[in-house]
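Sequences listed follow chains A and B, in order.
Under the numbering used here, the very last position in the first sequence is 110; numbers go up by exactly one each time.
Under the numbering used here, the very last position in the second sequence is 115; numbers go up by exactly one each time.
Do not take every clue at face value.
Listed next, the stretches of chain A that the computed footprint assigns to chain B, with coverage defined by at least 3 CB atoms under 8 Å from CB atoms of chain B [said to hold, decoys possible]:
#1 43-56
#2 98-109
Computed far set for chain B versus chain A, every beta-carbon distance over 10 Å [said to hold, decoys possible]:
#3 P43
#4 E75
#5 E82
#6 V114
Listed next, with one range per pair, are the computed distances between beta-carbon atoms [what the hints assert, rightly or not]:
#7 A/D57 - B/L95: 14 to 24 Å
#8 B/F60 - A/L46: 15 to 25 Å
#9 A/Q31 - B/N59: 12 to 22 Å
#10 B/L67 - A/T18: 43 to 53 Å
#11 A/N22 - B/E103: 17 to 27 Å
#12 B/T14 - A/R76: 44 to 54 Å
#13 A/N27 - B/E52: 38 to 48 Å
#14 A/S28 - B/T14: 39 to 49 Å
#15 A/N27 - B/R111: 46 to 56 Å
#16 B/T14 - A/E3: 32 to 42 Å
The hints are simulated quantities; they were obtained by calculation from the structure and are not laboratory data.
No residue lacks a Cβ here, since even glycine has one placed at the ideal position from N, Cα and C.
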Amino acid sequence: RKEVEQDPGPFNVPEGATVAFNCTYSNSASQSFFWYRQDCRKEPKLLMSVYSSGNEDGRFTAQLNRASQYISLLIRDSKLSDSATYLCVVNEGGADGLTFGKGTHLIIQP
Amino acid sequence: ETGVTQSPTHLIKTRGQQVTLRCSSQSGHNTVSWYQQALGQGPQFIFQYYREEENGRGNFPPRFSGLQFPNYSSELNVNALELDDSALYLCASSLSAARGYNEQFFGPGTRLTVL
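So that you can see chain B by itself, here it is in the shape it has in the complex (with noise of 0.2 Å):
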């Protein structure tokens, strides 16, 4: 296990809504980056979250929008669902570094499902 957990494991929506998702981080992690994963296709990168500030983002919508908190963890906000955010939305922490990569470690996921 990666220690990174999420919550919930999985949620029902409807279009219109909104929810809000939950990640903690690997312990001595300072870095959160969140992922959707759609049926049969490879997680694609929304953002990613350093020191409680967006730091990077992927191409989506403003209607996607997180926070990172003094202690790491994180939330990611969906607004005005529609059918097509269904997916496995994915959090994976690391340790930010000045240079090069470090490794990401992914949560279980969330099975996101709007209806």
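Just chain A, with the same shape it has in the complex (with noise of 0.2 Å):
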């Protein structure tokens, strides 16, 4: 059975603190990463992919470590509006749809 496993938090940050998230997959054969985040009650948008050699966007890293299944995620100076729930995401390749973890819920406090 293919799965994502993530901490489900919430991880209660103050604003301005680095935060970093985990995730293990269970495919050794997934082709694609990706981190989505998804605010409450609205559908969820793709952050960033990640790749082994590691890439950042602003303030978030993204690192994928294929030896050990393992994908992580690290916001730095982090702002109010980067509360919400991020899905650590992995696709399997062909026609298999995306598998996504259940999510962890961050909460920047003021």
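Grab the two chains, each in its own frame, and use the hints to assemble them into the complex.
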């Protein structure tokens, strides 16, 4: 069974702090990896793709470790608007659709 | 906004009834995927349609069925509704590629409540 595991939180973090999320995936043949953001009662939206070489987009850094089947997301200088649920997502390839983790709930406190 | 629309936004049904949910894909996209998101869970893949054919399916029973139309819009049909079918149903459109992955763009979802 293909699974993506992540800590559901909630993570309560003061504004301006750095926060890190991790997730693990079970299918070693997985092909593509992503972090999605989902606001309350809204649809998921792609935050960033994740590559083995690591990638950065402003305050966000994502990293993939294929050997350990582990994906991470780092948010620096957190803002109140970063409060959301962050979904770890894996694409198995072909027409299998996306496999989502349950999400990690982040609350940035003023 | 992604350009993916879904209707209706909310729906209340009773056990045993049937429901049809609709999705219009983003312009230029030929692939539609459907997901079920129960409260407190991540979305779960139901199936995917490409060129009017189902070409991938998750672990959902046959009472979950779908259609894709020549304009690439899609329907999700659920028969014999059960209480556990209460969830947010998300449609995602993408442009299919022979290799690699193309981003899926999600619609706002239809929230189904089964009483």
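Taking the hints in turn, this is what the structure says about them:
{"no.": "1", "hint": "43-56", "result": "holds (count 4)"}
{"no.": "2", "hint": "98-109", "result": "holds (count 6)"}
{"no.": "3", "hint": "P43", "result": "violated (5 Å)"}
{"no.": "4", "hint": "E75", "result": "holds (17 Å)"}
{"no.": "5", "hint": "E82", "result": "holds (21 Å)"}
{"no.": "6", "hint": "V114", "result": "holds (18 Å)"}
{"no.": "7", "hint": "A/D57 - B/L95: 14 to 24 Å", "result": "holds (22 Å)"}
{"no.": "8", "hint": "B/F60 - A/L46: 15 to 25 Å", "result": "holds (24 Å)"}
{"no.": "9", "hint": "A/Q31 - B/N59: 12 to 22 Å", "result": "holds (20 Å)"}
{"no.": "10", "hint": "B/L67 - A/T18: 43 to 53 Å", "result": "holds (47 Å)"}
{"no.": "11", "hint": "A/N22 - B/E103: 17 to 27 Å", "result": "holds (23 Å)"}
{"no.": "12", "hint": "B/T14 - A/R76: 44 to 54 Å", "result": "holds (49 Å)"}
{"no.": "13", "hint": "A/N27 - B/E52: 38 to 48 Å", "result": "violated (29 Å)"}
{"no.": "14", "hint": "A/S28 - B/T14: 39 to 49 Å", "result": "holds (44 Å)"}
{"no.": "15", "hint": "A/N27 - B/R111: 46 to 56 Å", "result": "violated (30 Å)"}
{"no.": "16", "hint": "B/T14 - A/E3: 32 to 42 Å", "result": "holds (33 Å)"}
Of the numbered hints given earlier, the model fails hints 3, 13, 15; all others are met.
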